[in-house]
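Trainee: Single-letter residue listing:
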Amino acid sequence: MADKILKKLYIKVWRQKNANTKGKFETYEIENISQGSSFLEMMDIMNESLVAKGIEPVAFDHDCREGICGMCSLYINGRAHGPDTEITTCQLHMRRFEDGETITIEPWRVGAFPVIKDLIVDRRSYDKILHAGGYINVNTLGNLPDANNILIPYEDYEEAMDAAACIGCGACAASCKNSSAMLFVAAKVSHLAKLPQGQVERENRAKAMVAKMDELGFGNCTNTGACEAECPKSISIAHIARLNREFLSAKIKD
Amino acid sequence: MSNFLSSSIGKKLIMSLSGLFLVVFLLVHLSINLLILFDSTGGLYNEAVHFMGTNPLIKVMEPVLAIGFIVHIVYATILTLQNQKATPTKYNVTQKTKTFSWASKNMYILGFAVLAFLVLHIIQFYVKMKITDTAPIVEATGGHDGYKLVTDLFTQHGTLSYVYCAVYVLAGILLGLHIRHGFWSAFQTIGWNNYTWKSRLFTLATIFAWVIAIGYSILPLYMTFFL
Amino acid sequence: MAILDAKIPEGPLAQKWTNHKAKIKVVSPANKKKLDIIVVGTGLAGGAAAASLANLGYNVKAFCYQDSARRAHSIAAQGGINAAKNYQNDNDSIFRLFYDTIKGGDYRGREANTYRLAEVSPAIIDQCVAQGVPFAREYGGTLANRSFGGVLVSRTFYARGQTGQQLLLGAYAAMNREIGRGHIKMYDRQEMMEVVIENGKAVGIITRNLVTGELERHGGHAVLVATGGYGNVFFLSTNAMGCNGGAAMRIYKKGAHFANPCFVQIHPTCIPVHGDQQSKLTLMSESLRNDGRVWVPKKKEDAEKLRRGEMKATDIPEEDRDFYLERRYPSYGNLVPRDVASRAAKERCDAGYGVNDTGQAVFLDFKYAIDEYGLDVIKARYGNLFQMYEKITDVDPYEYPMMIYPAIHYTMGGVWVDYNLMTTVPGLYCLGEANFSDHGANRLGASALMQGLADGYFVIPYTVGDYLADEIQTPTPDVNSAAFLQAEEETKARIEKLFSINGTQTVDHFHKELGHIMWEYVGMARNEAGLKTAIEKIQKLRKEFWSDLRIPGDKTGMNTELEKAVRVAEFIDLGELMAYDALNRNESCGGHYREESVTEDGEAKRDDENFAYGAVWEYTGEGKEPILHKEEFKFENVKLTQRSYK
Ligand SMILES: Cc1cc2nc3c(=O)[nH]c(=O)nc-3n(C[C@H](O)[C@H](O)[C@H](O)COP(=O)(O)OP(=O)(O)OC[C@H]3O[C@@H](n4cnc5c(N)ncnc54)[C@H](O)[C@@H]3O)c2cc1C
Ligand code: HEM
Ligand code: SF4
Ligand code: FES
Numbered sequence: 001m002a003d004k005i006l007k008k009l010y011i012k013v014w015r016q017k018n019a020n021t022k023g024k025f026e027t028y029e030i031e032n033i034s035q036g037s038s039f040l041e042m043m044d045i046m047n048e049s050l051v052a053k054g055i056e057p058v059a060f061d062h063d064c065r066e067g068i069c070g071m072c073s074l075y076i077n078g079r080a081h082g083p084d085t086e087i088t089t090c091q092l093h094m095r096r097f098e099d100g101e102t103i104t105i106e107p108w109r110v111g112a113f114p115v116i117k118d119l120i121v122d123r124r125s126y127d128k129i130l131h132a133g134g135y136i137n138v139n140t141l142g143n144l145p146d147a148n149n150i151l152i153p154y155e156d157y158e159e160a161m162d163a164a165a166c167i168g169c170g171a172c173a174a175s176c177k178n179s180s181a182m183l184f185v186a187a188k189v190s191h192l193a194k195l196p197q198g199q200v201e202r203e204n205r206a207k208a209m210v211a212k213m214d215e216l217g218f219g220n221c222t223n224t225g226a227c228e229a230e231c232p233k234s235i236s237i238a239h240i241a242r243l244n245r246e247f248l249s250a251k252i253k254d
Numbered sequence: 001m002s003n004f005l006s007s008s009i010g011k012k013l014i015m016s017l018s019g020l021f022l023v024v025f026l027l028v029h030l031s032i033n034l035l036i037l038f039d040s041t042g043g044l045y046n047e048a049v050h051f052m053g054t055n056p057l058i059k060v061m062e063p064v065l066a067i068g069f070i071v072h073i074v075y076a077t078i079l080t081l082q083n084q085k086a087t088p089t090k091y092n093v094t095q096k097t098k099t100f101s102w103a104s105k106n107m108y109i110l111g112f113a114v115l116a117f118l119v120l121h122i123i124q125f126y127v128k129m130k131i132t133d134t135a136p137i138v139e140a141t142g143g144h145d146g147y148k149l150v151t152d153l154f155t156q157h158g159t160l161s162y163v164y165c166a167v168y169v170l171a172g173i174l175l176g177l178h179i180r181h182g183f184w185s186a187f188q189t190i191g192w193n194n195y196t197w198k199s200r201l202f203t204l205a206t207i208f209a210w211v212i213a214i215g216y217s218i219l220p221l222y223m224t225f226f227l
Numbered sequence: 001m002a003i004l005d006a007k008i009p010e011g012p013l014a015q016k017w018t019n020h021k022a023k024i025k026v027v028s029p030a031n032k033k034k035l036d037i038i039v040v041g042t043g044l045a046g047g048a049a050a051a052s053l054a055n056l057g058y059n060v061k062a063f064c065y066q067d068s069a070r071r072a073h074s075i076a077a078q079g080g081i082n083a084a085k086n087y088q089n090d091n092d093s094i095f096r097l098f099y100d101t102i103k104g105g106d107y108r109g110r111e112a113n114t115y116r117l118a119e120v121s122p123a124i125i126d127q128c129v130a131q132g133v134p135f136a137r138e139y140g141g142t143l144a145n146r147s148f149g150g151v152l153v154s155r156t157f158y159a160r161g162q163t164g165q166q167l168l169l170g171a172y173a174a175m176n177r178e179i180g181r182g183h184i185k186m187y188d189r190q191e192m193m194e195v196v197i198e199n200g201k202a203v204g205i206i207t208r209n210l211v212t213g214e215l216e217r218h219g220g221h222a223v224l225v226a227t228g229g230y231g232n233v234f235f236l237s238t239n240a241m242g243c244n245g246g247a248a249m250r251i252y253k254k255g256a257h258f259a260n261p262c263f264v265q266i267h268p269t270c271i272p273v274h275g276d277q278q279s280k281l282t283l284m285s286e287s288l289r290n291d292g293r294v295w296v297p298k299k300k301e302d303a304e305k306l307r308r309g310e311m312k313a314t315d316i317p318e319e320d321r322d323f324y325l326e327r328r329y330p331s332y333g334n335l336v337p338r339d340v341a342s343r344a345a346k347e348r349c350d351a352g353y354g355v356n357d358t359g360q361a362v363f364l365d366f367k368y369a370i371d372e373y374g375l376d377v378i379k380a381r382y383g384n385l386f387q388m389y390e391k392i393t394d395v396d397p398y399e400y401p402m403m404i405y406p407a408i409h410y411t412m413g414g415v416w417v418d419y420n421l422m423t424t425v426p427g428l429y430c431l432g433e434a435n436f437s438d439h440g441a442n443r444l445g446a447s448a449l450m451q452g453l454a455d456g457y458f459v460i461p462y463t464v465g466d467y468l469a470d471e472i473q474t475p476t477p478d479v480n481s482a483a484f485l486q487a488e489e490e491t492k493a494r495i496e497k498l499f500s501i502n503g504t505q506t507v508d509h510f511h512k513e514l515g516h517i518m519w520e521y522v523g524m525a526r527n528e529a530g531l532k533t534a535i536e537k538i539q540k541l542r543k544e545f546w547s548d549l550r551i552p553g554d555k556t557g558m559n560t561e562l563e564k565a566v567r568v569a570e571f572i573d574l575g576e577l578m579a580y581d582a583l584n585r586n587e588s589c590g591g592h593y594r595e596e597s598v599t600e601d602g603e604a605k606r607d608d609e610n611f612a613y614g615a616v617w618e619y620t621g622e623g624k625e626p627i628l629h630k631e632e633f634k635f636e637n638v639k640l641t642q643r644s645y646k
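Residue numbers (full-length UniProt numbering), protein chains in the order written: chain X, 1 to 254; chain U, 1 to 227; chain F, 1 to 646.
Heads up, a few of these hints could be off.
Said to hold, decoys possible - Here are the computed lysine to aspartate or glutamate pairs in the DMTMM-like style, where the Cα-Cα straight-line distance is at most 20 angstroms: (1) F:Lys512 <-> F:Asp548; (2) U:Lys11 <-> X:Glu31; (3) F:Lys639 <-> F:Glu609; (4) U:Lys198 <-> X:Asp156; (5) F:Lys254 <-> F:Glu618; (6) F:Lys630 <-> F:Glu618; (7) U:Lys85 <-> X:Glu215; (8) X:Lys8 <-> F:Asp276.
Treat the hints as calculated values from the structure; they're not laboratory data.
Start from the sequences, fold in the hints, and give me the full structure.
Mentor: The structure is reproduced here in structure tokens:
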């Protein structure tokens, strides 16, 4: 099952030296890419050829290259994580592209994710939201009740797990016209709200995380659903409804 | 409730409640309008107009409705401005991702188009009936002949009547689009959604949007072409 | 031999940890506040350690090279985590888990550490559940288990195919809590470049800020290195692109000894290499072997036709399929340990039965399981794995068998540590995959996650106190002291040197080259001549690297090529060390297979008489042969037998 070779591709990519400089697009030509290669392997090859020419390679985030660490980003041909669904950029394969095509690659464009260099953005605002309350307050020092003392209905586990699958990649905010972080926040709030362990602090959690999200300058959700469509883990916006519920019912009591 | 209104979800809730309130108004308004279809003498409709014009509850509701509109528009503007600020740099290439609807991304534009129509609509009816008092009178009751006012608009102005008809139909469609997204979105904002309700709400919103769009378009069409 | 005092507590195996905890020193809460601890790495080991130590009251500074602590490579673990809960009532126990681990490790691990690992394992599950880790549940709401290769009980807890992710997010959440409370200061996009040693004790680290390119000095009363494994020596592995042995090598070069570097695990179920543009290999969870049957054609002609694409797997009739694992190992069948399964695949492919165009693949077939349990059950069990496979290969595994081949996956070897997880340098600790302690020569599936969390949540919080109790009078190390400045200067010089080469080849070129050498000579089967060649070739490669490397861009600011170069420089040295170790160990054990040491039917043959020790290497200088120390392993509670899975 040998893969087809893409003889020539034009890679139009955003170059920006650092956060303080202005960036611009550059187009590079590359040749002979196997359709069996992953998109990031194509980027590697392009970078190798740039280094050979003495040009600094294009910086992009990546690590696990199997769709789980959430490090890779990229807005490819107008879509977060490229032209495929339920995958991350690192899982995207060149089968999705055609010979002679111009591929446009941009960094996430979210005010709260400033560009660090080229295609790399600073997504630490997502971490900050979690610092504000994305956890269960339990000491890490043992002496806890036996795990099987907490029974969790299968359906609840399933739904909690659906939400917990979020990899924190940022595609939700990146594909949202409002740069809203709601799907990400909802995923965590929903994961914990669905479990008995998460009940005690559910109200404070929702309030604290939403307050942080607002403070960091993410936009307001207008329920366009772009996040759900581009989320590599297919996290449903039904979780956003739960977040709204959690938040509103907590706030009403204030 | 501290800081409730400054939080993103709080503001959204205001949008949602004011939107749903306007939806209720639209329904009432539509059901009254549809009376035109059932009585070509206009008696039925005029009775309703009379009732609406004199009933104290409705009188109270008038300013409330106005406030509803204002709140809805003010918050729509705040949210839209904030959202633009949150995305300072736009993408060079954007492809249509499979989102729920075109409307969902253009609510503000749709809203303003509706608003523009409303202004026209108010000038044509509300002003004449309530402010300048230039609307025709029903001899028997001494009340306004709403029926005549409406039907004249679509039949007595020559080509202009066709233009009015087109504008009203267009407004109906725009309203339908606004509601296609707005209706389910309002429930999502309140938190009334989950895996099962998601598709139900979509279906409901679609049906409802059609009802509004067809309901509001059918009258001008009927009057222009069949009266 | 005094330098290798493993500090194994007295007493019977089951009492050792309890006795030890009772005896070691404790730091008072008031004093904990005055002590700073540096934790390098935020994987399961580092993340759990950082959270627990901060929870105890220490000031923790945590470091990782990714943009968030949540992205450590622990996130990629799919299959599950072991614990001796005996929830299934299948006669599991702490002793059985201990025994399986020691035996699975081919008796090249330290009994006391392994027992402690098994002992704290049930508490890990309690801890994780309390944190909200969504482990799989039965319909009644109790926890579900699955079985894993190399054992006969069902003790593996899992969260779909994302166990590592959920456990790491649990540890990360615990860290977030402490970050929120100001007990942890998180430094992301920072690479540890050097450890600082003053008066013989570890007092801090030098890091490179990967965004600004600046070097930073950080001081602490103790330094914990939990930087994961070094499988990327081979270039292609299941590790993340950034996984590196850099930190471990730096501390090795500063006096921490390195144990059993040649013990590398090759995972049998990975997606085969598709070509020379490949950048990494993807693991298909071991759990697949529960329901998938591994086979190659019986007839060589069939295999050749498959390779040429003239035939499909589904065209081969039942009787012409060789289920070689079931044939060779009737009692464990498809569930033999990883090393055994990997070698068996290599054996078939080397003999000419490989099934893809490169001849380096075998089938993993779910047809039988689908026939038996139905499509829905298989979909529920492996849906996301199958989807991942299809995205990568464009082949639908429900219709056509998967193709798999072994790949480098895990490193059992690592920095030598004593029972307290302290290295040979006082105040310097090593946790998780980066150390050598618990898995001997081969790690059982689902035991690495267990070890990472055991080290982080339940071991280091106790043992670090034993050292720190004597440090409460020591002020926070002064980062302007001579030791810090010198370490920074040296690091700066190293970076300068890399830049000044200004040669013609990219970093990846050297890394791939190193990978080829390692896979060829220090891979699944090793022999004396090959290992000697490897050492020679690596030394030559090192010269080339330092004379022909090219790094474009600037020293200041972000420079991804420089990051890679720093890591590859260490990989080259580490590769050489691995080859020395493999050469020294003239026996086959666990993941280490010496062609000189096999039984008549081709199975690995251990040599307990001569090699029942941990080979602990001391650094002697660049390009020089390291010195070998031995930690003799005493087995008082298990009887050494040749492993048999027949
Ligand atoms: C694909 C895959 C699947 C696996 N599946 C399983 C499984 O099912 N069950 C199981 O038990 N085990 C599994 N394992 C093994 C297990 O995941 C790892 O052994 C374990 O998670 C390692 O944890 P760790 O904390 O030691 O290191 P890691 O999680 O690798 O963390 C290393 C940390 O160190 C940091 N770091 C590294 N170098 C530096 C540096 N120089 N400076 C600063 N920071 C640095 C990194 O940023 C990271 O935070 C799997 C491994 C892989 C690769
Ligand atoms: C009859 C008139 C109107 C009705 C029935 C109506 C109804 C609604 C409803 C139900 C929503 C959904 C609220 C939510 O998402 O929670 C909505 C949203 C919205 N409306 Fe209206 N609306 C009307 C007029 C207007 C006008 C005049 C504007 C003017 C600018 C406007 C702008 C918007 C915007 C921008 C949104 C999206 C806000 C968001 O989702 O955050 N609407 N509308
Ligand atoms: S919700 Fe989806 S898109 Fe958003 S960060 Fe999580 S995984 Fe990425
Ligand atoms: S690189 Fe880890 S998700 Fe893409």
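Trainee: Hint compliance check: list the failing hint numbers for this structure, sorted ascending.
Mentor: 2
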